[in-house]
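Below are the chains, spelled out letter by letter.
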Amino acid sequence: MPFFEGNKMTAGYGDGPDIITSCSINVDRGEIVAILGPNGAGKSTAMKAMLGLLNLKSGSVSIDGDDISSLTPQDRVKKGISFVPQTRNVFAELTVKENLEIGAFLRKDNINKVIEEIYELFPILKEKRSQVVGQLSGGQRQQVALGRALMIRPSVLMLDEPTAGVSPIVMDELFQHILKVKETNVAIIMVEQNAKQALSISDRGYVLVTGENKFEGSGNELLKDPEVRRSFLGA
Amino acid sequence: MDLLNAIILLLNYTVIPALTYGSQLALGAIFVTLVYGILRFANFATGDMMSFGTMFAVLLTYYFQSLGISFGVLPTALLTIPFAIFMMILYMLTIDKFVFSYYRVKKSPPVQLAMVSVGVMFVTQAIIRIIIGPSDKRFLDGEKFILKATEFKEMTGLNEGLTIKSTQVITIFVTLIVVSIMFWFLNKTKTGTSMRAYSDNEDLALLSGIDPKKVVLITWVIAGVLATIGGILYGLDKSYRPFVYFNNMLPIFAAAIVGGIGNPYGAFFGGYVIAFAEIFLTYAYKRFFIYILPDSLEPNSMIQLLSTDYKFAISFSILVIVLLFRPSGIFEGKKI
Amino acid sequence: MRQYSNVITAYLIMTILIILVGVFQSWAIALTILNYCLISAVMTMGANIQWGYAGLINFGIMGYTALGGLAVVLVSVAPVGEAWKLGGLNMMICVGIIVGMIFLIRYVLKKIEKSKKRSYLIAAIIVIGLLLLRFISAPAIESIESVEPAKTGFLGGLGMPVLFSWIVGGFFAGGLAYIIGKIALGLRADYLAIATLLIAEIVVSIVKHEEWLARGVKNVIGLKRPAPYEIDLQTSPWFINLVEKFHSAKLELINSISERQDMLNQMVIDASSIYVKLCFSGLFLTVVIILLIITQKALYSPWGRKMRAIRDNEEAASAMGKNVVKEHLLIFILGSAVVGIAGAMMVTHDGLFTPGSYRPMRYTFVIWVMVIVGGTGNNFGAILGGFAVWFLWVQAAPIALFVINLLTSHLPETNEIKIHLINSAPYFRFLLVGIGLLLIMRYRPRGILPEKIIKQ
Chain A
1 MPFFEGNKMT
11 AGYGDGPDII
21 TSCSINVDRG
31 EIVAILGPNG
41 AGKSTAMKAM
51 LGLLNLKSGS
61 VSIDGDDISS
71 LTPQDRVKKG
81 ISFVPQTRNV
91 FAELTVKENL
101 EIGAFLRKDN
111 INKVIEEIYE
121 LFPILKEKRS
131 QVVGQLSGGQ
141 RQQVALGRAL
151 MIRPSVLMLD
161 EPTAGVSPIV
171 MDELFQHILK
181 VKETNVAIIM
191 VEQNAKQALS
201 ISDRGYVLVT
211 GENKFEGSGN
221 ELLKDPEVRR
231 SFLGA
Chain B
1 MDLLNAIILL
11 LNYTVIPALT
21 YGSQLALGAI
31 FVTLVYGILR
41 FANFATGDMM
51 SFGTMFAVLL
61 TYYFQSLGIS
71 FGVLPTALLT
81 IPFAIFMMIL
91 YMLTIDKFVF
101 SYYRVKKSPP
111 VQLAMVSVGV
121 MFVTQAIIRI
131 IIGPSDKRFL
141 DGEKFILKAT
151 EFKEMTGLNE
161 GLTIKSTQVI
171 TIFVTLIVVS
181 IMFWFLNKTK
191 TGTSMRAYSD
201 NEDLALLSGI
211 DPKKVVLITW
221 VIAGVLATIG
231 GILYGLDKSY
241 RPFVYFNNML
251 PIFAAAIVGG
261 IGNPYGAFFG
271 GYVIAFAEIF
281 LTYAYKRFFI
291 YILPDSLEPN
301 SMIQLLSTDY
311 KFAISFSILV
321 IVLLFRPSGI
331 FEGKKI
Chain C
1 MRQYSNVITA
11 YLIMTILIIL
21 VGVFQSWAIA
31 LTILNYCLIS
41 AVMTMGANIQ
51 WGYAGLINFG
61 IMGYTALGGL
71 AVVLVSVAPV
81 GEAWKLGGLN
91 MMICVGIIVG
101 MIFLIRYVLK
111 KIEKSKKRSY
121 LIAAIIVIGL
131 LLLRFISAPA
141 IESIESVEPA
151 KTGFLGGLGM
161 PVLFSWIVGG
171 FFAGGLAYII
181 GKIALGLRAD
191 YLAIATLLIA
201 EIVVSIVKHE
211 EWLARGVKNV
221 IGLKRPAPYE
231 IDLQTSPWFI
241 NLVEKFHSAK
251 LELINSISER
261 QDMLNQMVID
271 ASSIYVKLCF
281 SGLFLTVVII
291 LLIITQKALY
301 SPWGRKMRAI
311 RDNEEAASAM
321 GKNVVKEHLL
331 IFILGSAVVG
341 IAGAMMVTHD
351 GLFTPGSYRP
361 MRYTFVIWVM
371 VIVGGTGNNF
381 GAILGGFAVW
391 FLWVQAAPIA
401 LFVINLLTSH
411 LPETNEIKIH
421 LINSAPYFRF
431 LLVGIGLLLI
441 MRYRPRGILP
451 EKIIKQ
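Chains as they are written, first to last, in the working numbering: chain A, 1 to 235; chain B, 1 to 336; chain C, 1 to 456.
Hint data in this document are derived by calculation from the structure and do not stem from the laboratory.
None of these values were measured; they are calculated from a predicted model.
All C-beta atoms, glycine included, are put in the ideal place defined by N, C-alpha and C.
Hints may contain errors.
To be verified - Derived coverage of chain A by chain B (criterion: at least 3 residues anywhere in the stretch with Cβ under 8 Å from a Cβ of chain B; other residues may be distant):
1. 70 to 79
2. 83 to 94
3. 179 to 191
Could you put the whole structure together from the sequences, leaning on the hints where they help?
The following block contains the structure:
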């Protein structure tokens, strides 16, 4: 049984139509899973459903065998699921260190050790620790966002388009960081527009179309699949 | 010697009163800014909430006096502060539960909350007037002066006297303590940081596990402390009258916006900016210039930039200028 | 049809309430309430144009009301010749200087690129202009204010008919709105609310303290009326005959001639005050109806549609090529002008101008309660709001007194709590209006008569 799993999820916003129907996504620890698909395919919605930001009409979400379908997002955070939104994913008016501290808001133990670990992972943050995040560059902000999410030592990390709006160089750097996070035995799900690059670092990928699973497989399989290539990779 | 006289003159009539008035405004402005930054609306009941807390201090002062309890040379009202704050917070939380929370949960636009606060303003005014009436109340007791003009003249041999009222010292002193504690709390404690985080980015704060109910609760508690103490200090220094407190909302808003609404440091300094501007621009400098200028240049008019009638108008004009040129306030940088 | 029946029911209830006041209290009180209801309705319509049509929050109602009142003084009062002779020239020069400053600043703004130099230049023009103004006006103001300070001490007005001042009041308020709009309309909604609130305060403090203009806090009394005076009526044979005819049945019951004459005299006095109030009611009703027709036409015109489109989605409207800034400014001016007219009407009705009485509570916030309670974006709702809230505002004290007496009827007359409560009856108006606002906002957020959604 996979570590973190959304099983046959159907959900939509409010009373609106279903955005995802019977969509299933799972991830294991130490694995990167990419969710791909055209615009409006329900990629972000699937992720938000797993996080509890919108209610499921049917289906379930479970972590480590526990059904967490009825928990609020905050309670899921306590279960070790961390989320980095696409926009507004840092506290721009707080310093880097304060951002990290807020990330560990739910932890009762001494967090200085965790902060040191984050600094090791993202050395630039140590250097800039007392700067206000609003003054940092785009790539540095994304690192703060990742660092904040990692402060609870999550078992699952969900990233909503982490490379949106950053330059190709920064994107490569960011993917390297995500790989480093993976090595700490975290399960990573990410929604990505840059499908090729995302698949190149992912262990597996899902392709969603109109809210349903269309293809799935290992990164290499998807990259080689002619239909996937034609439809989504633009080659 | 003349120079010294001139300095004392300015100290006595402008600097010390402005520091006092500025402190009172600053407390109110931080109150406005906290509510705006965290609860996200312009609170038009600001003046009346300050009045509400002060009302309890006045009533309790009278009660303590009737019991024969006093605070020695200090005003009895200082003893009542904890009780008044308690009542104030209780009132604020009740209002929040029955009025504001509904709109917060619904995520209504800030304008709607502002209109709701107008309703709260009406109700609060009514309650205050029904309980204590609209008339002027004085509740200052204890030693009125720390330094009297005549004593100062004897001591120094100068022409100009320096009067320091105890309320002035108490106001400045208490404000500094309260504001320091508050800034320490906001910046150095986990809860304070979480409040600033909530103010900055509500969604992310929720995702980080910050409990919005707790943030709202603590905001009202701090707001209650600031409103009550600000109100009591103003009432001790001048006098307590509900209508005046309602009107004080206007320079307080001006101070909060001048400092950049949502930014407590800005609000703190904004209070002094407004106070100094009001007092410096309406002071008649005739005697000051008589001291520092040679006899031949002595002025024959008042040398008053604006009549004191325009006291309020000055702070509002500053606000308009700030809004025109720097809508984010004159102090940029870190917000709450 | 149902929506119309709502409107009719609401207005019927209002009418009955006012008639009840007439029957139980007195007809003079009922008519005074009616007149103030009509004035409030005009103010509310003005605010509703801004808030309901365009979503602009204007907490400066008090300022426009005061300017409308000022217009009455400046238009209808006879000029004070002595004061003009002493200080008129200087004051006129001052007006010239202000106009000159404005044109000079406009010229600088147009001709010089935005830079530090330009800012300093403008600052210099303003400072020099102000000093010049002060230098020229100070002696003139002193001499103007010393002309019979107990009676005049100001420049007086133009001595024109008072009804003309209603239009001028509209223009005054519109002019102020143009300036405020240019400064503040770009601000966010809650900033705009605070800014307008404070600017109104500045306007009132100027009207209050510039005594050469309209006597400031010394008030102007005995203003002209567009209606007959009670004294004149009481001596006019036609009026006495009218009253006699009207009450003939009652009068015939009395046998003694002298008693009958006394009775008639009393009736004439009562009737004269009612007649005057009725004249005002007629005038005010005409204004309300004219404004209602204009605003209804505007609301359902292409222009009104455009305004609502801008209100509901500013970005989309501006993307479709609508000039949002220009339209906002226009509607800000129009709404304020209507409020100015109401201010002039009120001062005309009272016959006196008392700048000290302009307070934000009464002239801004109560009007806003009227707008919210009545129904934003609906002119019938706005008028109803004006009526209902004013009625509540005036009648709250008697209602409160009645309720207090009822609740404390078991307590002795000397009970302290009872005495305290009875003494504080006047303040229950704040409570009732506040609770009314809160309840409406919670349970009927779009007002008693909400805006109709028209399907096209």
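Hint check results:
no.: 1; hint: 70 to 79; verdict: holds (count 4)
no.: 2; hint: 83 to 94; verdict: holds (count 9)
no.: 3; hint: 179 to 191; verdict: violated (count 0)
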